[in-house]
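J.: These protein sequence lines map, in sequence, to chains A and B.
Basically the working numbering = 1-based index in the first sequence + 16.
Basically the working numbering = 1-based index in the second sequence + 11.
Simulated from the structure, these hints should not be mistaken for lab results.
A couple of the hints might just be wrong.
Unchecked claim - Here are the simulated EDC-like cross-link-like pairs (lysine to aspartate or glutamate), alpha carbons at most 20 Å apart as the crow flies:
1) B:LYS77 - A:ASP133
2) B:LYS77 - B:GLU87
3) B:LYS77 - A:ASP67
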Amino acid sequence: MSVSIIGVGLHPFGRFDITGREMGLIAAREALADAGVEWEQVGFAAGGSRDSGYAAALVSELGLTGVPFMQVYNGCGTAGSAVLACAQAIESGAAEIALAVGFDKHARGAFGSNPADYGLPMWYGRDGMMVTTQFFALKTQRYLHEHGLDERLLGEITATELHNSSLNPNAWRRNALSVDEIMDAQMVNDPLTSYMFCSPSEGGAAVVLASTEVARTISDHAVEVRSLEFRTRRFGTFEVFNPWLAAELTDSATVDAASAAFAAAGCRPSDVDVAQLQDTEAGAALMHLAECGFCDHGEQAELILDGGLGVHGRLPVNTDGGLIGNGEPIGASGLRQIVECVTQLQGRAGERQVPNDPEIGFTQVYGAPGISVCAVLSR
Amino acid sequence: MADTSTARGLAAADHDALLGARCTACDVQIFPAQAACPRCGAPTADCALPERGVLWSWTVQRFRPKPPYEGPDEFEPYVVGYVDLGDVKVEGRLDGRPVDAWTIGDPVRLELGAPDDDGAVWTYRWIADDGGAS
Ligand SMILES: [Zn+2]
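One chain only, chain B, in its complex shape:
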């Protein structure tokens, strides 16, 4: 299976949104982008995903995962959640609040990590969205 996201990173070309895909036949939206629709097998077309959504579920990762996890040597618990973007729910790490201060339904916005030497982005965070300018 061709993994297009591996070559391109996970951000859309203009680097302000995650790169997803939408099925050209059944309209299902997926993340990360892949060439074939997992529902019906038809080709997909790339699309930028919404940058704002609401928290759909969350948990705290309180122990250090086994490799390939590459966190800092000094492990700090972190929050993982699914964010509802309307046509798809995207998993991701949450940031900007104490780990146990999250509630389902909280509004969040996307923050992409810094690009690598080849210009590809490999990390993103969902940040608590207090309604101000992003």
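Here chain A stands alone, though its shape is the one from the complex:
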């Protein structure tokens, strides 16, 4: 791709007294200021939220410039779709500068779901199987069994992320916890304890993109989008809300998106200096390490133990605390990952900065119903 990120903005994640829309506006203005461009210069915009209204309505406060603003309503893929739309608008020559924005504000507790919305029979919900946390637990339990992995790795991942979020002033969870405290916490869905899950939260995030050519002339801290790939599930993957699974399981959309992203960027997982992976719960992070190609399935312990995923570790992962430390405002979550990667590559991450001038960053979103967006970024 010949697209670069020239500005990032973030409204902190957590619980706040303002609307989701206002958080999106704050993030968008911050990204524009960081890029040093005026809203009038933006030739294309895209964004969305799940529960906080229309992103395109932000123009009534950013300015009614007539800019084409693409509304995105794509679940966990909302932010990734917005960035992809912006990048493609720039690559096609339709715009030189574009803004992607995502925000959300969700009710507390696990998301409730209506079977009919998913083409499922009512008995599936009535009998207590339409529960997202159950799915994550069933998938993690099987994965640990199949690859002979120790449940304690889930505690190690969670402890690393909560340590990172304790150092991040924009994060929600600011208290670091020990592996024992995490393992001994209330069991929610075995083998996952309460601290291992992210919770619905609130926040906003935005990025300003430009063609790499334009970026060179107007920015001294641009980060290049080397690749950005979006995939949906194929037949035989293990997704949420499935009364049945195929006899032969297939690689997830993450495997497809990640391998395509590395191929398009012309680099390998071993080249990555900092990664932001989808950690809806600790088991997801565990699986995604292998699905993205950072290790073989079942070899995660070598990466994780002895602080391997920490900011000073072999592969710094979820350096801002990830979803576990920030919660998940669905529309904003994927953009938060990109904002954090850019911040790290620019050396602006403060106490949680990855040392030795990281050059290559990677982000991965995975969500319902079997979508993944992966990106490779570089200085």
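Following the hints, put chain B with the ligand in place on chain A, whose structure we already have.
T.: For chain B with the ligand alone, kept in the frame of chain A given last:
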């Protein structure tokens, strides 16, 4: 999308097995039955699923789900798992053991719930199968 299971319940006509379907073109087996194959789009034919299988994964539901869950007022944790039936894995609630006494690979057998006034069955459980007669 026509949801045939909604009208018919989820049990096969003779009420001793779950009603699944098999693709007439690619042979994929699915549950619950639906008219079109999710893999290739071809028509499916109804089939009764095996009544015995092995536990493929499990978890304990330790908090009360939001509606449309319709459990008893006094919530008791329950176990949910996938059971490997050979050509398909079917999700379901497990019963007959303490909630944390399950292991992947355990043999289980099907137990259908009581039919409603229209003769349709809406619940089923996978019961620990000790090898005796069912
Ligand atoms: Zn078929």
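J.: Hint by hint, say whether it matches the structure.
T.: Cross-check of the supplied hints:
Distance check on the hinted pair: LYS77 (chain B) and ASP133 (chain A) sit about 15 Å apart at the alpha-carbon level, within 20 Å; holds. In summary, the hint linking LYS77 (chain B) to GLU87 (chain B) is supported, as the alpha carbons are separated by about 14 Å, within the 20 Å threshold. Straight-line distance between C-alpha atoms of LYS77 (chain B) and ASP67 (chain A) comes to about 18 Å, which keeps the hinted pair within the 20 Å bound.
Of the numbered hints stated above, none is contradicted by the structure.
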